[in-house]
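J.: Each chain is listed here by its residues.
Protein chains: 2
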Amino acid sequence: MQVHAIIPFKPSNPKTRLSCVLDRNEREALARAMLDDVIGAVGAAGCRITLLCTEPFEHALAETVVLDGGLNEALNQVLSGMDTPVLVIMSDLPLVNPRDVIQMLATGADVAIAPGRGGGTNAIFMRSPQTYHVDFYGASFLDHLRIAEENDLSCEVIDSFRLSTDVDEKEDIAEVLIHGNGMCRRFLEQSGFVLSIEEGRVGVKRNAHEQTL
Amino acid sequence: MQVHAIIPFKPSNPKTRLSCVLDRNEREALARAMLDDVIGAVGAAGCRITLLCTEPFEHALAETVVLDGGLNEALNQVLSGMDTPVLVIMSDLPLVNPRDVIQMLATGADVAIAPGRGGGTNAIFMRSPQTYHVDFYGASFLDHLRIAEENDLSCEVIDSFRLSTDVDEKEDIAEVLIHGNGMCRRFLEQSGFVLSIEEGRVGVKRNAHEQTL
Chain A
13 MQVHAIIPFK PSNPKTRLSC VLDRNEREAL ARAMLDDVIG AVGAAGCRIT
63 LLCTEPFEHA LAETVVLDGG LNEALNQVLS GMDTPVLVIM SDLPLVNPRD
113 VIQMLATGAD VAIAPGRGGG TNAIFMRSPQ TYHVDFYGAS FLDHLRIAEE
163 NDLSCEVIDS FRLSTDVDEK EDIAEVLIHG NGMCRRFLEQ SGFVLSIEEG
213 RVGVKRNAHE QTL
Chain B
13 MQVHAIIPFK PSNPKTRLSC VLDRNEREAL ARAMLDDVIG AVGAAGCRIT
63 LLCTEPFEHA LAETVVLDGG LNEALNQVLS GMDTPVLVIM SDLPLVNPRD
113 VIQMLATGAD VAIAPGRGGG TNAIFMRSPQ TYHVDFYGAS FLDHLRIAEE
163 NDLSCEVIDS FRLSTDVDEK EDIAEVLIHG NGMCRRFLEQ SGFVLSIEEG
213 RVGVKRNAHE QTL
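Listed in order, the protein sequences are those of chains A and B. End of the first sequence sits at 225 in our numbering; the numbers just go up one at a time, nothing left out. End of the second sequence sits at 225 in our numbering; the numbers just go up one at a time, nothing left out.
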């Protein structure tokens, strides 16, 4: 049965913690590049894709729905009416590739959770979404484990560095330059970002003369 | 053929970036607890274990050698004389479990690298260590990829959140409280550390009255 992937997406003024290195237009382009990487991976894994957006938005490879109310409420309303397995995956995971998604969908458990750093949930697969509900924000990873247990659902934790890597802060850009190979990396390189090694630690810097976007 | 695991270890005054929340004795106990987690995983995976230490140190489950000179020089001197496969793995990976190690050792490639965050290398497996050399510090992940290529060795990148998670800073403690289940987690809990969720973000705080160690 085809898995339905739901990707929450904020087209306008996203990733404000990157304002130190990217202006608003650039942050919107970055978010779009990351979304394209996620859509590419999820689509190659065979999923049907719906973007759950904070405002009207169009994408050639996915249907879009405008979010009505909070993210959890909207997601749970959608989940309660689904009769196919569902994957909810964040839009800011530029390292994800089809193999990672296929691995998640192949779980033998009722629910599979890919944690993000800091207690978050970067992707969650539900074989029977009517029997589950999501609770993003805060320590959502532990909440999602608990919700599975309360509903007597088996749960697999997906151990993936790529799925754990979301891009929120300047330091995260280094991960994309080191490990990425998709649209987000291309955008960052075209925007002049390069790795910078100072005192043995890896960071990024931006070369002004390459800001051609 | 039994794999020889080499674990660099600094017994005295380690993890100074954690001085904000742990005094020196506690940081030494933390480092020891993390080492025990790594030794447990590597030992259960069937490896013979040598600790490469910055000073004399004894451990019931591993032989110890005192480092002579810099880490890279010492490691490469050891590697050049090895006729068995070698796994070099960091001592500060408290989430690692035997399955992670077994997965690494089962690679079909000549070299397998588990990246850490920020461009580091948290573990590297070499099937024929005489044909390879290591270069830790800085962007060692990219350096290790390059060294494999220069030596015509196939290389697999191990995608593991647990292997990518080393503990250097206060934020990393949260990962252990969320995902760990070994000696390091026990030490942190006995030291009064608990998760703290403020403004939707997960951190840690330390309860003074539980500082019983």
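If you are wondering where the hints come from, they were derived from the structure by calculation, not from laboratory data. All figures in this text were calculated on a predicted structure; none of them were measured in a lab. Some hints here could point you the wrong way.
[Claimed, not checked] In silico DSSO-like pairs for lysine-lysine, Cα to Cα no more than 30 Å straight-line:
no., chain 1, residue 1, chain 2, residue 2
1, B, Lys-22, A, Lys-27
2, B, Lys-182, A, Lys-182
3, A, Lys-27, A, Lys-182
4, B, Lys-27, A, Lys-217
5, A, Lys-22, B, Lys-27
J.: Would you mind marking each hint as holding or not holding in the structure?
T.: Verification of the hints:
1. B:Lys-22 x A:Lys-27: violated, 39 Å
2. B:Lys-182 x A:Lys-182: The hint holds at about 19 Å.
3. A:Lys-27 x A:Lys-182: holds, 10 Å
4. B:Lys-27 x A:Lys-217: Given that 30 Å is the threshold and the Cα spacing comes to 27 Å, the pair holds.
5. A:Lys-22 x B:Lys-27: Outside the cut-off at roughly 39 Å; violated.
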